[in-house]
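6 protein chains.
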Amino acid sequence: MKIKVINPNTTMDMTEGIGEAARSVAGAGTEIVAVSPEFGPESIESFYDEQVAACGVLDEVRKGETEGIDAYVIACYGDPGLHAAREVTERPVVGIAEASFYTASMVAARFSIVSVIPRVRTLLEEMVHGYGMSERIIAIRTLPLYVLDIERDPEGSMEKLRDEVRRSVAEDDAEAVCLGCAGFARFAAELEAELGVPILDGVVCATKQAELLVGLGLKTSKRKTYRPPERKRFTGMFSHFGTADDIAEAAE
Amino acid sequence: MKIKVINPNTTMDMTEGIGEAARSVAGAGTEIVAVSPEFGPESIESFYDEQVAACGVLDEVRKGETEGIDAYVIACYGDPGLHAAREVTERPVVGIAEASFYTASMVAARFSIVSVIPRVRTLLEEMVHGYGMSERIIAIRTLPLYVLDIERDPEGSMEKLRDEVRRSVAEDDAEAVCLGCAGFARFAAELEAELGVPILDGVVCATKQAELLVGLGLKTSKRKTYRPPERKRFTGMFSHFGTADDIAEAAE
Amino acid sequence: MKIKVINPNTTMDMTEGIGEAARSVAGAGTEIVAVSPEFGPESIESFYDEQVAACGVLDEVRKGETEGIDAYVIACYGDPGLHAAREVTERPVVGIAEASFYTASMVAARFSIVSVIPRVRTLLEEMVHGYGMSERIIAIRTLPLYVLDIERDPEGSMEKLRDEVRRSVAEDDAEAVCLGCAGFARFAAELEAELGVPILDGVVCATKQAELLVGLGLKTSKRKTYRPPERKRFTGMFSHFGTADDIAEAAE
Amino acid sequence: MKIKVINPNTTMDMTEGIGEAARSVAGAGTEIVAVSPEFGPESIESFYDEQVAACGVLDEVRKGETEGIDAYVIACYGDPGLHAAREVTERPVVGIAEASFYTASMVAARFSIVSVIPRVRTLLEEMVHGYGMSERIIAIRTLPLYVLDIERDPEGSMEKLRDEVRRSVAEDDAEAVCLGCAGFARFAAELEAELGVPILDGVVCATKQAELLVGLGLKTSKRKTYRPPERKRFTGMFSHFGTADDIAEAAE
Amino acid sequence: MKIKVINPNTTMDMTEGIGEAARSVAGAGTEIVAVSPEFGPESIESFYDEQVAACGVLDEVRKGETEGIDAYVIACYGDPGLHAAREVTERPVVGIAEASFYTASMVAARFSIVSVIPRVRTLLEEMVHGYGMSERIIAIRTLPLYVLDIERDPEGSMEKLRDEVRRSVAEDDAEAVCLGCAGFARFAAELEAELGVPILDGVVCATKQAELLVGLGLKTSKRKTYRPPERKRFTGMFSHFGTADDIAEAAE
Amino acid sequence: MKIKVINPNTTMDMTEGIGEAARSVAGAGTEIVAVSPEFGPESIESFYDEQVAACGVLDEVRKGETEGIDAYVIACYGDPGLHAAREVTERPVVGIAEASFYTASMVAARFSIVSVIPRVRTLLEEMVHGYGMSERIIAIRTLPLYVLDIERDPEGSMEKLRDEVRRSVAEDDAEAVCLGCAGFARFAAELEAELGVPILDGVVCATKQAELLVGLGLKTSKRKTYRPPERKRFTGMFSHFGTADDIAEAAE
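Those sequence lines, one after another, are chains E, G, C, L, P and R. Under our numbering, read the first sequence as residues 552 to 803, first letter to last. Under our numbering, read the second sequence as residues 552 to 803, first letter to last. Under our numbering, read the third sequence as residues 552 to 803, first letter to last. Under our numbering, read the fourth sequence as residues 552 to 803, first letter to last. Under our numbering, read the fifth sequence as residues 552 to 803, first letter to last. Under our numbering, read the sixth sequence as residues 552 to 803, first letter to last.
Just chain E, same shape as in the assembly (with noise of 0.2 Å):
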């Protein structure tokens, strides 16, 4: 099985630690391609840099389509265009977002997010509030630190990080931490063990629920919101985003 592993920014450092925490979890027989797309952000920070993310993530989608992948993860904590490559492909698509709040209803009955700088927090609840996870998660907390100070200073970033989490467990009494940005995938395994409550990490989450459904053969379902998009002209530097007869065709 071939998963690719789509890191919404254009920072191969952090696409690098991304894939290697998808691997770490990986099946035997499961590929890990992980991958930038060709334009985008460097970091994702706000809607702004999260609208022009996610065609980046439908132009690596519609290249998987004849590369032989089996299953995508969007790997940005804001699930950047889930929706949209989720009728693109009828291979099944996770977001690590929605992956780490099923994962963690699984094993705590409250659970929290510590995601990046404050300005994040919006998109989060509007997020939350979506997925109907308002009543499970009972906080949302922010750092102040970018998403590539992760890159530039781990260490540094892993103390902030590990007392927010710390505080998100003693004062908001969360029951497991959902980490708020691909990025933290690396600390995951070293606050849980310090601190003794399930921090979920959406990258892992993802990988595994991705394996899981093709596992089980399970595809996007094509009736009504995830039908292939309609065949149109798309324009200007978009044009070749509007060739979508393959895409149309394979789901009919």
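One should not assume that every hint holds.
Since the list can't tell identical chains apart, any single copy or any two copies may satisfy a pair.
[Unchecked claim] In silico DMTMM-like cross-links for lysine to aspartate or glutamate, where the CA-CA straight-line distance does not exceed 25 Å:
1) 614 / 589
2) 775 / 621
3) 711 / 722
4) 553 / 715
5) 775 / 723
6) 711 / 724
7) 553 / 641
8) 614 / 593
9) 553 / 686
10) 711 / 745
11) 770 / 704
12) 553 / 723
13) 711 / 723
14) 773 / 724
15) 614 / 564
16) 775 / 677
17) 775 / 722
18) 553 / 676
19) 775 / 714
20) 775 / 686
21) 553 / 781
22) 770 / 676
Bear in mind the hints are in silico, worked out from the structure with no lab data behind them.
Given chain E's structure and the hints, the job is docking chains G, C, L, P and R onto it.
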């Protein structure tokens, strides 16, 4: 005052119709600039289309910052790119769906939406839920009608629309109906005259709401959610999306 | 266009202030008629006050129907009598709370309300919940301040208000603040200048929304909820509330 | 114990029927005083009627404070003036709608409401939502029947009511039905016998709940929401509503 | 009338206290039979305890059907086995938590719960959510106190309870407080006298609500949800749970 | 890895079918132990059945702690005893309903449930609401089919199930369908092949989710909600449920 009305798709006939609708209600001192992005899909009927189109919206808003624009209208009934656009400028940005919801809420206690092909239902449901309008919007109805059919066959489209709006009033007990596609703008007045309940066209609503915000001197809050995007490098075909210094500075 | 701005309480100093606020933003061709009912409480700070004041609002709307009025504004931050007023006339009726919510929603993702004495919190909570705004309005704050204190001691009131608005921005992370009393209208501009986030005064918002609705030729839907009240006998001091034939006929 | 059952409309035949319904279930030591306000509408079928009628309710509660009353029942299925009435007295006040909801909830998992003319649906929906009963009340049905029709043609009314209640049981799978008008009190027993599911008349439920509260020595909390109304001047035809010193003092 | 008050745990001292609380408010003609199941945990402080205790409740309700019982009260503040018990009998069954919520709702707009050890919070949250009471119950507070501590050290327990109830009134602005454990029944009156807000003991509330339901001749609806359990074989130590013919027949 | 799949009812034919379903998807190194409790109902079709069966589930989980079990699956579509089971062990416990919801959410935007006899609807509604899945699960459908009918007449059962699943796809516009009974496991593949939308059998979903959790080394959080049950005495036929020292110690 200069309002840029952005039709997120690239069908210029539709852009012109949208511009006309906006002009038909704009105040004496208001100049309407109706545009389509230089790139993107010719119509928007899926999450995929919407995701790509949103980048075109952002491009038009970014260009608008040096064009003397006072406010922006996003003229597609999924409000694509709305959150992100508000990050990019401090000038008001109004989506036609939200504008129609708020306007309808002041003249009707319960109302419905009638939109294009069935697959958009999920997209609309999530939007309605996100805006907190689930109690007021009592039905979402769709038509066997593609967006471009409206340009190609206005009369046939009007027939289908009229029938469904009528059914919504009769069967859903809708007290007003929001037309769920910018392409329906031209039909609103006739339907309202025929049916005797408010028929809300989002283009018209959003144009007036944009004028209202400008008239009150309101600017998008630059605290937390809609702060300017963080400065960073964008690569590939989006490289020009990253020279965001001017935008960031404007709000500092 | 003639807009009747109804201050539901009977304190004429406040009515004048409200009229001024409305006039300060009204369009060139708009005449503002600011009134208080002939009967009712001198201020509104409880469900009891609000319930009685709502009858005064209805009386003013009913009289307005022969005064050439084009739209009505209910200028008390609980929107007293709003539903009922919409039954009595087909001309638009706008509450200052709803107008501030919708307007704020177009310039801020999350905002708060700062209002008068603590007991109004429940009243505001129920209203916010009813309008579907619970996700966007992240805090309701109250002040140790009676409505009439604002007239008696504007400077002291401004101090208290400023402190609480500041706290809401700092502690609630509010991106905009709605002033939860019509008496606060005069302070909005200064606060906005000081704090750098949108400060929404409902009187100003509602006046412009009323103009917008009239400008678009919108009328309150007379289907189902806001049909004219059924014709019937009212007795005692409300006997004149029952000669509703003219109202009923107008909408038939 | 003395319970004042207030029929908020001024139709004395209906008041008598309501009084009888209350007396039919009152305990041995309970005196039922059934009254209509001295002013207000002869029936309540809109927000307008309800708003005015609520003032009559408040007047009757205020008078009750010197009449040796132990508890109040508001006998109109919109609970008009309930919050405000609780501010005016510390003696329990019970609405017939809330009483029927709570009572029904203890004998049925899912139930419905059958009420009068269709326009009351919105009023009932907002009330149900406000009471947090949206999950349990699975249907609201209305009848082509004015409130006063019940007095004028009891047999014909019973026919219409029976048909709709039967439909609600059969089609909505309602496990119990709340009769959504105080005028329906007389039909409850017969319907229950016929249909074999609990048929809840609010008058009966509220009378017993009021007895229960008095029996337990419970008083309305005077903390925050239901504090006595602030002392202030009321003008015009409501001037006597403002001499609230006795009320305010009673709770201090 | 004979009400069986079932203390779901097997601590007889507590059962007696609960019986006394019920008797202290029961009507003249009401006989209170306070029992504990023959099997189960000595206290209930987790989902595990509650799950097992619920079977004891069912056993007592089933025995009650031949003991001339008119109604049942489940006297543990998680309402264990409530839905199931209503299937087993057509006589009213009332849980002390639901009874306290409905009763509190008629005398306070916003209230809180104070309960035992912290882990019960999730259990209470899910129950509050299930009853639709999330808007009214503004806080759930827990104590460092085991259920059996209340029997062992009533004075120390009262101190802890008083402090937390006081804090809830002061900090949560609670207008009434529900005591979240049947063992707290004895402290309610003293706390209410001290704090001046309604203090709701569920045992007392449920006993009176059960009397009310019997008084009104109401029976649990046997349509859909609470139909008698289907006849079937139960094996092992529950084999006597399966001879349900009498129960099933009773409601046919 | 050893997964204990607990069929909460005592019908061994069904247990075997469930075991087969689990084995059909289990990984190479996974041993499936399919059991029924030693006591309890032969099928689960009511709150009563479920309540009793949950004790059997707990018994099997407790025994499993000395049987070298790595994870547990509760194979009844009401997830009976799930919360309680998670208190008893730190090894993952997965319910088939939750597993089917989370799995379906990753391949379909809107889906439905088709289950057995009509009375289970309320049980399922409350569960769906509790899991926050109300927006995604757009319909719950039931069949005139007892659980044991499935064993007795598989072909007839399949006919009924097929018809209703088909109707759900056609009329509810369901994009996937969850089979709401463990007994339906055998029909999933055939239905999926016929209907072309994902048909989710909970047994299969839960088995894979359990493997996933074990594979990731995740353990149930022992903070707050799922702490081991407090040590205490259980009496009567549950006395062995109280010797919880081993359990409690395991997690300390």
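Structure-based check of all given hints:
no.	hint	result
1	614 / 589	both (11 Å within a copy, 24 Å between copies)
2	775 / 621	within (22 Å within a copy, 39 Å between copies)
3	711 / 722	both (16 Å within a copy, 21 Å between copies)
4	553 / 715	neither (36 Å within a copy, 36 Å between copies)
5	775 / 723	between (40 Å within a copy, 11 Å between copies)
6	711 / 724	both (19 Å within a copy, 21 Å between copies)
7	553 / 641	within (15 Å within a copy, 32 Å between copies)
8	614 / 593	both (20 Å within a copy, 22 Å between copies)
9	553 / 686	neither (35 Å within a copy, 32 Å between copies)
10	711 / 745	within (15 Å within a copy, 33 Å between copies)
11	770 / 704	neither (40 Å within a copy, 30 Å between copies)
12	553 / 723	neither (39 Å within a copy, 35 Å between copies)
13	711 / 723	both (17 Å within a copy, 22 Å between copies)
14	773 / 724	between (41 Å within a copy, 12 Å between copies)
15	614 / 564	within (22 Å within a copy, 32 Å between copies)
16	775 / 677	both (23 Å within a copy, 14 Å between copies)
17	775 / 722	between (43 Å within a copy, 12 Å between copies)
18	553 / 676	neither (32 Å within a copy, 34 Å between copies)
19	775 / 714	between (45 Å within a copy, 20 Å between copies)
20	775 / 686	between (28 Å within a copy, 16 Å between copies)
21	553 / 781	neither (27 Å within a copy, 34 Å between copies)
22	770 / 676	between (28 Å within a copy, 23 Å between copies)
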